[in-house]
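Visitor: Now for the letters of each chain:
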Amino acid sequence: MIIIKNLTKKFDKIMAVDHVSLDIHKGEVFGLLGPNGAGKTTIVHMLATLLKPTSGMAEINGYNIVKDPAKVRKNIGIVFQAPSSDDMLTGFENLKIHSYLYGVPSDLRIDRIKELLKLVGLYERKDDIVKKYSGGMRRRLEIARGLIHKPKVMFLDEPTLGLDPNSRKSMWDYIQKLVKEEKITIILTTHYMEEADTLCDRIGFINKGKIIAIDTPEQLKRMIKNNSDNTTDKYIGDTIKLYFKVPDARDSQLNNSHILTKNIEILKSFKFVKKVEQEKESEIKKLVVLILHVDNINHNLPIILKSVDKVESIEFSQPTLDDVFYTFTQGKIAEEPEGGFMERYAQYDKK
Amino acid sequence: MVNNFLSIYAIWLREFKVYLRERSRIIGSLFTPLLWLFIVGSGIGSSTTLSIDVNYQKFIFPGIISMSIIFTSVFYGAYIIWDRKFDFLKSVMVAPITRETIFIGKTLGGMTNSMIQVFMLLIIGLFIGIEYSLISVLQIIFVSIILSFLLTALGLGLGSRMHSLEGFQMIVTFVVFPLFFLSGALYPLDNLPDWLLFLTIFDPATYAVDALRNSTLGIATYSFEFDLLLLFCSTIITTLFGMLSFRKMRAV
Ligand SMILES: Nc1ncnc2c1ncn2[C@@H]1O[C@H](COP(=O)(O)OP(=O)(O)O)[C@@H](O)[C@H]1O
Ligand SMILES: [Mg+2]
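Protein chains in written order, with my numbering: chain A, 1 to 351; chain B, 1 to 252.
It should be emphasised that the hints constitute simulated quantities derived from the structure, not laboratory data.
Check the hints yourself; a few may be wrong.
[Said to hold, decoys possible] Simulated crosslink set (DSS-like; lysine-lysine; CA at most 25 Å straight-line):
#1 B:K17 x A:K126
#2 B:K17 x A:K67
#3 A:K152 x B:K17
#4 B:K17 x A:K132
#5 B:K85 x A:K10
#6 B:K90 x A:K150
#7 A:K13 x B:K85
#8 A:K306 x B:K248
#9 B:K248 x A:K10
#10 A:K71 x A:K131
#11 A:K96 x B:K90
#12 A:K52 x B:K90
#13 A:K126 x B:K90
#14 B:K90 x A:K114
#15 A:K131 x B:K85
#16 A:K118 x A:K180
#17 B:K90 x A:K71
#18 B:K248 x B:K90
#19 B:K90 x A:K131
#20 B:K248 x A:K131
#21 B:K17 x A:K96
#22 B:K248 x A:K71
#23 B:K90 x A:K132
#24 B:K90 x A:K10
#25 A:K152 x B:K90
#26 A:K114 x B:K17
#27 B:K85 x A:K52
#28 A:K52 x B:K248
#29 B:K248 x A:K13
#30 A:K74 x B:K248
Given only the sequences and the hints, what does the whole structure look like? Please build it.
Guide: Structure (structure tokens):
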């Protein structure tokens, strides 16, 4: 659906987008995830034909973004990072004007507008002037506007930026509903890991204009590198802590080592167990603690518990995308303050 | 083609609705011409006698119509500097329509705003004793339409090339005021020193003021046809300039 090859944009001296290559499939929700200033918006603007690439190419639905911008535009809808609905018009009027601009046939126009207003939950407020909308409502109106011509691809640039946590959650619901009902390809940018994790089928990590990893959220979390040893090819996966009770305290030394060797042997025989180690300084004297790193904790934990001695208690943790991102950038994240004067002025929900 | 007209209509409609909803702006924009007409018109009028037999307030009335058009149209056009920063415009530029379509829609929008003001001033003209005929009203409307189209196109062209708000100030200082002061809105062209007469020749508003004064008061320096010809030529130039600027305008 979208093919991007070595897409590059240079502003004076800044490499805003640096040889980005991506294939985005039909019907998928693809997330561009990275800190402020990573180049997400610049990529979206280039794909939406609003900005000419310095070099490289991209195709959307078979149309080249540089050679055939008019065709590309017919195939895409976009919600900009900054508010772009007209606050002096009503929600309905905003959609109507855009239905003219996109040449929506007159017999379908009103039905399409009503259908979209219902989809984004604004039908009851359609005749209110947009100035009276909340930030979340405004953003939803812009989503409806972007869908007016039934585009094949939808760009959502930071769809929840500046929204309060409740509006953010409800925006996620609307986006998920949109995915189900409109069946279109979505490219979503965000700097919230949780958002990408919740909404996206695949995620491209971007930092300083470069894509540093592309995969499903699950795979990305598996790829987290063990920070303690410096090998780059070993990923620790999920972490489990097993607490074993020491049966007889009289000869704890002996018992401990017996339990340890036996269980470590068992655990190491599993393919999905990457690494087993004993917690060096166990706080609680009567317990022996083993730390293991495994693949696919949900599937494998029961197998582990069946095979080893009786376990007193368990703790486990799964890596978050934050950890993954941190690992990939080794903490060298190029974060920029959000926007210039105008952009800050134009934030949602700020009057 | 049909689509083009619909798109132009859509952009015009947006501008018109926004204009109607900003009532304070309408009132405010009428206030300045009234100040000129009644304060400057009466004040200077009381101590100035023109070589022609008409009172000063009536004499500047066509000039004040032109002034109102100059300010409204160029400001409207230059406002695009703002628009581009945080508005609707980006979403229009990503639609599958040409920049020329956007330009024409916007220009017609600005023209409409100016014309609404012209109509209000025409009514005020009745109170200071201007006598209209059907022909003169039609002529005034025609000339006003051309001048407002011409100047909105100029404002849009200049505004689309500017990137900062200082640009707006520059346009006011170096375009709006010279257009107004050189147009002969406040004085007759007949007894001017050569250098000043020379400068007025390059101001398209000069011909609008002259034509309007011709139709309202029967006083003129050039013939009505000559005024129209120069207005048409200027309109073609600013329209081409505006379209070219729009085509080159950066969207983000
Ligand atoms: N018009 C521009 N002129 C110069 N630099 C720009 C422009 N737009 C963006 N940049 C720079 O390009 C980089 C990427 O910006 P952007 O794509 O907005 O990042 P993101 O959307 O990921 O926060 C930043 O360093 C930003 O300052
Ligand atoms: Mg951005």
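Visitor: Each hint should be assessed against the structure and marked as holding or not.
Guide: Hints, one by one, checked against the model:
| no. | hint | in the structure |
| --- | --- | --- |
| 1 | B:K17 x A:K126 | 16 Å, holds |
| 2 | B:K17 x A:K67 | 36 Å, violated |
| 3 | A:K152 x B:K17 | 31 Å, violated |
| 4 | B:K17 x A:K132 | 17 Å, holds |
| 5 | B:K85 x A:K10 | 21 Å, holds |
| 6 | B:K90 x A:K150 | 19 Å, holds |
| 7 | A:K13 x B:K85 | 23 Å, holds |
| 8 | A:K306 x B:K248 | 70 Å, violated |
| 9 | B:K248 x A:K10 | 19 Å, holds |
| 10 | A:K71 x A:K131 | 33 Å, violated |
| 11 | A:K96 x B:K90 | 17 Å, holds |
| 12 | A:K52 x B:K90 | 15 Å, holds |
| 13 | A:K126 x B:K90 | 22 Å, holds |
| 14 | B:K90 x A:K114 | 24 Å, holds |
| 15 | A:K131 x B:K85 | 18 Å, holds |
| 16 | A:K118 x A:K180 | 15 Å, holds |
| 17 | B:K90 x A:K71 | 18 Å, holds |
| 18 | B:K248 x B:K90 | 14 Å, holds |
| 19 | B:K90 x A:K131 | 18 Å, holds |
| 20 | B:K248 x A:K131 | 31 Å, violated |
| 21 | B:K17 x A:K96 | 13 Å, holds |
| 22 | B:K248 x A:K71 | 20 Å, holds |
| 23 | B:K90 x A:K132 | 22 Å, holds |
| 24 | B:K90 x A:K10 | 21 Å, holds |
| 25 | A:K152 x B:K90 | 20 Å, holds |
| 26 | A:K114 x B:K17 | 21 Å, holds |
| 27 | B:K85 x A:K52 | 19 Å, holds |
| 28 | A:K52 x B:K248 | 12 Å, holds |
| 29 | B:K248 x A:K13 | 22 Å, holds |
| 30 | A:K74 x B:K248 | 21 Å, holds |
Comparing the model with each numbered hint stated earlier shows that hints 2, 3, 8, 10 and 20 do not hold.
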